[in-house]
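S.K.: Below are the chains, spelled out letter by letter.
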Amino acid sequence: MQDASPPPGHDLQYEHAALGLSDAQVLAALRGMIVARTVDDRLWLLSRQGKAHFVITSAGHEATQFGCAWAVQIGRDYVVPYYRDMALVLALGQTPRDIFLHALGKAEDPASGGRQMFGHFNSRALRIVSGSSSVGSHPLHAVGLAWAFRITKETDLAAMTFFGEGATSEGAWHEAMTIAGIHQLPVVFVCENNQYAISVPQAREVPVPDVATKAAGYGMPGMVVDGNDLFAVYAAAQAALARARAGGGPTLLECKTYRLRPHSNADDDRKYRRVEEVDAWRARDPITRLERYALHSELIDPAGLADIRTAVVAEVDVAIAEAERAPNPAIESLLHHLYGE
Amino acid sequence: MPQLNLIEAVRSAMADAMAEDARVFVLGEDVGLKGGVFLATDGLLARFGPDRVVDMPIAEAGIVGMAIGASLHGLRPVAEIQFADYIHPAIDQILNEAARLRYRSNGDWHCPIVVRAPFGAGVHGALYHSQSTEALFTSTPGLKVVVPSTPYDAKGLLIAAIRDPDPVIVFEHKQLYRGVRGDVPEGTYTVPLGQAAVRRAGAQISLFTYGLMAHYSLEAAKVVADEGIDVEVIDLRTLYPLDQATILGSVRKTGKALIVHEDKLTGGVGGEISALIAEHAFEALDAPVRRLASPDVHAVAFSDVLEAHFMLNPQKIATAVRELAAY
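Listed in order, the protein sequences are those of chains E and P.
Plus 619 on top of the position in the first sequence (first one is 1) and you've got the working numbering.
Plus 186 on top of the position in the second sequence (first one is 1) and you've got the working numbering.
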């Protein structure tokens, strides 16, 4: 929520025009991030009501995910996400209704038809690849996609895969980085570093302060950006994807961020994070920072911002109502899609 | 028609499939310049180039994971795991990823990959070059598990696996690579997945087996035939999903069932076949179902005497057949 006091300038790294972004694009991203946060907030309420059995949050990661999505050629570049990426799939074109259908396990759930617990996003039409819950297993699929582009001789095409810093301890992640580095494949590895693997702090899961420094061992550049700065993320993601598509090889892009909610609705983060730490990051909320920028740059005024928030709540209300009314999967669908014809 | 051994048949399958379909490519450790440690891919690099014959780092999860990713863009990868003993690092990719992709995406994606792996004992390979690992994969829907026993089947099943829209694991017995020869047609043809083959028709005992043991079982059947015991030998060929109709049809005819596999007794495919028969053909049985398998140790030991004791052979199979016939 906005302070009553006037905005104190902004703390984003770039002016949007310098990155070739229009005012309308910035406002659309701001609105999208507010939608994502509102959807996230409502998922937690649905959980408390006993309607959504599992919630996993993207709150706090919105700038990272929207910044990367801006750089993706939607429906052409492949996106291989992980469970934290709800805001990402919204930015790529899925709707709040899609999200709630998934969270409620309905028949029309585009992720899985009510098979997967929340957070396993999917859309073949948008080239968003279905994932499992095995941490770190999916970057290899981005590598395989990139190998396919080599065989089919398709250029101007890349795969972008997302994971937390916790995944970088996994063997499969190491194998993905190794193979991508050997063959300089068009893959952008995006680490959404929120500094905790559920409860284990970064110091106990990653042996270096910056995950990006691991890139050197795989023959690719590593970049660190402020993951709560939409424009900084976009600039880095755009550069990495452009390089990949042009045949320049892979990049490890580390976006430093923080999750503003517990890991999931089954987690109590008070056992491992101090309230002061959470509050300090709340003050760096990526949406608040973008709002400050928009106000400071006079892209919008406080009344306009309030209108957006009101409209978003109404839109999300409709999406929830539609999802709640949507039919459950047919019982016989349990046995469908084990094998093809 | 050319007479090929089993490794030549496997190589011929991949070469013909690659020549016919530009989406097919092979990847694995040492598959390029060296042509594979068993020479399954010998000559393919020179013919098809390094984009389609990919020498991989020692990274089994990477090999299978990369195959999965490539399949999502419409390619038909054939991954080689150098020995079945090293398939374990790739199990997460095979079971949690490849096998589940179609189901978990509600049919949005599918994963047409093949994973080939040499398996089996009797080559002085000891604990980590001799394992039978098929039972790790024969309880996962979405997968198909195939074991050829003849050169003809090795080529036809592998081409069927490559054309199949879902992930198929093919286990090839190392002793058969150069231990059997047979007619193998030139060009592509398929042997359907999911269908067992009756290798020897018989009236008194149904013997279910696969891989090297199919050959040992046929030898045993020949020996006991001279003693008046008429054994039907069924080569399962596909271990998952099982060809239930052929299995049950045979038992209903003979009334007795013996299952022979090189894999360990406990948790092996024989247990599932026993249960199928008990559940669906109990009234037809004249004797308890018998399983003959390797002892419940991890794999064959290195010592010659221990290896000889571990391995099944035609004599041991003939003995089990005689005992069952006398019941």
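Read the hints as simulated data drawn from the structure, not as lab findings.
Take these hints with a grain of salt, some might be off.
[As the list claims (entries may be wrong)] Computed footprint of chain P on chain E, listed as stretches where at least three residues anywhere in the stretch have a Cβ under 8 Å from a Cβ of chain P:
no., stretch
1, 735 to 742
2, 764 to 776
3, 828 to 840
All C-beta atoms, glycine included, are put in the ideal place defined by N, C-alpha and C.
S.K.: Evaluate each hint against the coordinates.
M.R.: For each hint, the structure was consulted:
1. 735 to 742: It holds, with 4 qualifying residues against the three required.
2. 764 to 776: holds (count 8)
3. 828 to 840: It is violated, with 0 qualifying residues against the three required.
Going down the numbered hints, you'll see the structure goes against just number 3.
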